[in-house]
Amino acid sequence: MKPPPFAYADPETVTEVCDLLVDWGDDAALLAGGQSLVPLLNLRLARPGLVIDLGRVSGLDSITHVGGSAGSGELGRGERESGRGEGTAHVVRSGAGVGVTSLAAAHPASGVVEAIHWIGHPQIRARTTVGGTIAHADSAAELPAVLVALDGSVTLRSSTDERMVAARDWFDGPFSTTRQPTELVVAVDLPVPDGPSWWGEVARRRGDFALVGMFVSRGSDGWRVALSGVGPISVRASGCEAALDGGDLDAACVALDADLDPPEDLHAGSAHRRSIARQLLRQAVAELTPAVAA
Amino acid sequence: MSAVTPATDVRVTTFVLNGSETTVTVRPRTLLSDALRHDAGVHGTHVGCEQGACGACTVIVDDVARRSCLTLTPQVDGRIVETIESVAGPDGLDPIQQAIHDTHGMQCGFCTPGIVMSLVAARRAGVGQVTAIDEVLDGHLCRCTGYINLRAAIEVAWSGLEVSA
Amino acid sequence: MTLLDPTRSVTRHVGARQERLEDRPFLVGDGRYCDDIDLPGLLHAAIIRSTSPHGIVRAVDVSDLTVPVDLVLGPDEIAAASDPCPIHWILPEQWQTERPLFDGRVRFVGDPIGVVVAADRYLAEDALDEIFVDIEELPAVVGIEAALADTTLLYPDRHTNVMARWTAGDDDEHTDAVFAAADETLTIALRIGRVAGVPMETRAIVVDPGRPGRDGRPEKLTIWTSTQAPHAVRDAVADVCRLPQHRIRVIGPDVGGGFGVKDHAYEDELMVVLAALRLGRPIKWIEDRWESLTTTTQARDERYTVDIAYDRDGTLRGIRVDAVRDSGAYFSIFGAGPLFAMTGTLGGPYRWDAVNSHARAVASTTCPNHSYRGFGQTQATFIRELAVDAVAAELGVDPVELRIQNCITPDEQPYQLRTGPMKYDGGDYPTSLRMAQELTAAWPAPPDDGRRWGVATSIYVQQAGVGPSQGNPHVGLQIGSWESTTLRMERDGTVRAYVGVSSHGQGHATTFAQLIADRLGCEPEQVEIIHSDTDVTPYSAYGTAASRSIAVGGGSAILAAEQLATRLCAIAAELLEAATDDIVLGSGAASVRGTPARSIDIADVANRAWQGWALPAGYDAGLVEHAVYEPPEFTWSYATHTCRVAVDPETGLVEIDRYAVVMDCGTVVNPTIVEGQIHGGVAQGLGPALCEEVVVDETGQPRTTTLLDYLVPTSSLMPDIEIAFQVTPSPHTPGGMKGMGEGGTNGGFSCVVNAVRAALPEVADRLTQTPLTPARVWRALHPDQENP
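Order-wise, the sequence lines are chains A, B and C.
Residue numbers for the first sequence, in our numbering: 1 to 294.
Residue numbers for the second sequence, in our numbering: 295 to 459.
Residue numbers for the third sequence, in our numbering: 460 to 1247.
Some hints here could point you the wrong way.
Partial selection, computed: residues in chain C whose CB lies under 10 angstroms from chain A [said to hold, decoys possible]:
| id | residue |
| --- | --- |
| 1 | Arg748 |
| 2 | Trp749 |
| 3 | Glu1152 |
| 4 | Gln1160 |
| 5 | Thr1164 |
| 6 | Leu1176 |
| 7 | Pro1178 |
| 8 | Asp1179 |
| 9 | Ile1182 |
| 10 | Ala1183 |
| 11 | Pro1233 |
| 12 | Ala1234 |
| 13 | Arg1238 |
| 14 | His1241 |
Per the computed footprint, the stretches of chain B lying under chain A, defined by three or more beta-carbons under 8 angstroms from a beta-carbon of chain A, are [to be verified]:
| id | stretch |
| --- | --- |
| 15 | 300-311 |
| 16 | 314-326 |
| 17 | 360-366 |
| 18 | 381-390 |
| 19 | 426-433 |
If you're looking for bench data, these hints aren't it; they were derived computationally from the structure.
Note that the Cβ used here is the ideal one computed from N, Cα and C, for glycine as well.
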């Protein structure tokens, strides 16, 4: 399982990347962390003419502090447990750009942090980039669901243009986004909610792709619910959100069923996934409601 | 326009390997696991899946444990790479290696170097014992031991370390 | 059979938790596995494989090949240059007694048909992309029902896809009578999913044809391969590649796990040998993980109907199974052996009036199905223990008490099996179950957390120490299963032992050294175990498999060591002017029993022997002993496994909360090693119980082709395991070892599945197909939901 032949470039500026993309278009593959692309190369399921290694591109390698003081790169359980309800200290390797808007210390975006914590194993997570994950658009992954839940956005640059794409317009199919072949993701914005948030996931084994993953937050603008693993793209469960805003959890579960059309695959069927989603919703609401009441 | 290495060309990659500057000249698509084993002369890093799933190929790059089978060789240009061969010291085995031996945490030995490297990186990063067992070890597949003695090895190796729980 | 004379040597290493002697190189990255071997001018191979599950190969088109290659060896050349590979196990109604490397057809996705050789593996795979195999497609045959329908035949000159068929145990008339006379009967239909062995090191071979001899063929063909049985590989290379055996050397370097799947030479490996012979250059082939999950032989994949007859007072009367095994595209060397082992060991530890099986092996367009840890005994344990649990549930009695009631007792040993001319070789099954009850009684009550909790106990009796060679042909097995050891003490008293079995993680370098050191009065560190080189290690057709290494291989090592000890004592007696029987060995010296001052260093004795000085009458110079151990009987290790699981009814996920084992494998040479084998064995039972499954879709395409789809257990799935030992030495083997390497899988698979069934008794009748994935568990709990 060796990669097929490809040309290779490791530019040092965004401008150079964009110039390469003008020449190569969709025959180029962008290498961020490599945890998704290289497995595809090794199976020869991806056969790009050029691999553009983003590892040395300046301006994409910023380290972002989420919620307050600096911390180490390891998202360990100890850190996560201490992070609940307090200012957390986590560092996310941003790779191809994370711009996380400023957070109040009282709302540590624990749902975002928790979602990140469920990405693979530490050895995978250390190489994962937010930009790469958002561009790869695997609907079973955590961060696309977070992006969709938070109405985040993706900033793209080409040799001629820079534009921002809202989360709802970003994912357009399995492993597919509205990125044009000549564009590079240079920033991902995850507007942290102004209330508590939660991530939950059910997987066959720890670190596997989720059967179902769910992000829930409750802010001043209401509930937000988004799921991974339940369709070709991450799903924003808007019917469910409306029912939660109306205070009716049972109605929210019914609405959640209607919001989802989960696939059948090797690992779970669609009714099974719906059942898991309902269970996650009940867990999320139980966890987030006392915090709001306080 | 930045330089593009054509598919048929080779490329020089220079990095620090186990403390010594090393140069390999390989095609850019060459996986780091292969370059280490067949061009840099260290074969202790093993290849188990080439999908990042099994962890046998784990090495340390700039203090971070990562899968060498998911790394293209040029990605480590200018970086500091450590493989299993660097772990034991002149005075003997590293406590992690010794613990794996003492607890019978190894049978066929194929998955062992990757596990050692993950644990060495975790210890260096101040990761606690619980996380090392619950998360770091979970990033490795072993078919021989059933993991029980490996968990015991981590407890032994971590006892006496001053890290958070 | 003579056993250890306990007064001959005063050292005691057997039974100690001797730390492994072989670990250091592996810990520091200095293991020497196949892919670590490098040779001048080494080339690299990739295998041309079928992408179709079934078809006739019309052509191999290389006209688009631009990648520089050294050789493309196609199927026609392979067929012309080779003879068919013999199948060692021929069962009733089995027509397939040999397998050509290529017969014009392909019968599973991944079926090898040729070899590409290039400067490195990257280029070889590039060449594969440019080689087109023209296959006239035939319909795929996937699954037992499709295979039995015989609508499409894999072997059209046969009238059926059934590849072997037999009846085992009591005859049908007797069995029917027992069932008719019993108070009650139950019938349960079961399916066991297909699994893959997944050793962490994939298959590998390096072939060095060396230089041509005077007849143009290699003077010496040297092969390194990741194998459990180097002599079996050598036999196959000689037979298939048409070479004289004395010019073939097969070496097993360090091997990264085998578990049964590396017990023979594969077709693609033999094709690589042919390519090396053709080119006259050394060639390396390393299987990649995609190939490992689709072309390395797989296991289980059986359908059962089990009937159990019992009386209302709990007496078990009869057990009857109709079994069909999906053998895949063709038989490998042990044919339908695992199914045969299932039918032979179905009775387990219980007293039955009838044990009967009807067995069929059927072909399908899937990967060949062959040996894997357990070899049918995993399935026998599972079927039987599940049925006994069902009886307990029907009667409303404690399932462990029901077992104890029906167990063969020690005073009934040796117990004649109903399924063959074999007898259990001693053991106390009721006490095993009682000890398990004590262990589990100490478990704290489970929390009330909304999950469903279940406990199950499984007991198995494992046929091990394979086995008496004379019996093999009677069951269709064409190879012998004895073992031998050549033992040489050097002139400084250190020892080299050449053994026929191979090691791929079992710790033979340590355990065999313990056995030998005890007899010679030296330390294990002074004994080196040499294995896996057909030029120097003794012949073993079977290799390391069938839980036989310590019992049979170790048995031969003990015999050789006792012979050597006798020789040492005779020479020392001559020097010390004492009787041979009065000499004891220990701490590197030979001394007169009772007067330790009269002693001589063993090194002195050894040197004298090697120089030939003043030897007793009848003793030649030298210190080499060779001993052959032909087992008179099988051995029968046994164990009780108990586990407690928690099932989340909303997700279908299962957690194994507690696990305990009571093990009797006879003499325990090294408890740490045995515990390690239990741990690893249970893991390979737990995986197929909950998460490991090879999936092939109805078009014949494999769906579980990476380790992200084929899920082997990780640490978080494995519970800690409490282990207690009983020790009932086998009366048959030197040293009393029984062998137990596969047993953990037998117990693990059975008790985990049965514990889930116990946790969900109201839907147990829907939990009959393994693995019990979250999807299957959930569907069993929610059968009314469409498209779960």
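Status of each hint after checking the structure:
{"no.": "1", "hint": "Arg748", "result": "7 angstroms, holds"}
{"no.": "2", "hint": "Trp749", "result": "6 angstroms, holds"}
{"no.": "3", "hint": "Glu1152", "result": "8 angstroms, holds"}
{"no.": "4", "hint": "Gln1160", "result": "12 angstroms, violated"}
{"no.": "5", "hint": "Thr1164", "result": "8 angstroms, holds"}
{"no.": "6", "hint": "Leu1176", "result": "6 angstroms, holds"}
{"no.": "7", "hint": "Pro1178", "result": "14 angstroms, violated"}
{"no.": "8", "hint": "Asp1179", "result": "17 angstroms, violated"}
{"no.": "9", "hint": "Ile1182", "result": "25 angstroms, violated"}
{"no.": "10", "hint": "Ala1183", "result": "30 angstroms, violated"}
{"no.": "11", "hint": "Pro1233", "result": "6 angstroms, holds"}
{"no.": "12", "hint": "Ala1234", "result": "5 angstroms, holds"}
{"no.": "13", "hint": "Arg1238", "result": "7 angstroms, holds"}
{"no.": "14", "hint": "His1241", "result": "7 angstroms, holds"}
{"no.": "15", "hint": "300-311", "result": "holds (count 4)"}
{"no.": "16", "hint": "314-326", "result": "holds (count 4)"}
{"no.": "17", "hint": "360-366", "result": "holds (count 6)"}
{"no.": "18", "hint": "381-390", "result": "violated (count 0)"}
{"no.": "19", "hint": "426-433", "result": "holds (count 5)"}
Comparing the model with each numbered hint stated earlier shows that hints 4, 7, 8, 9, 10, 18 do not hold.
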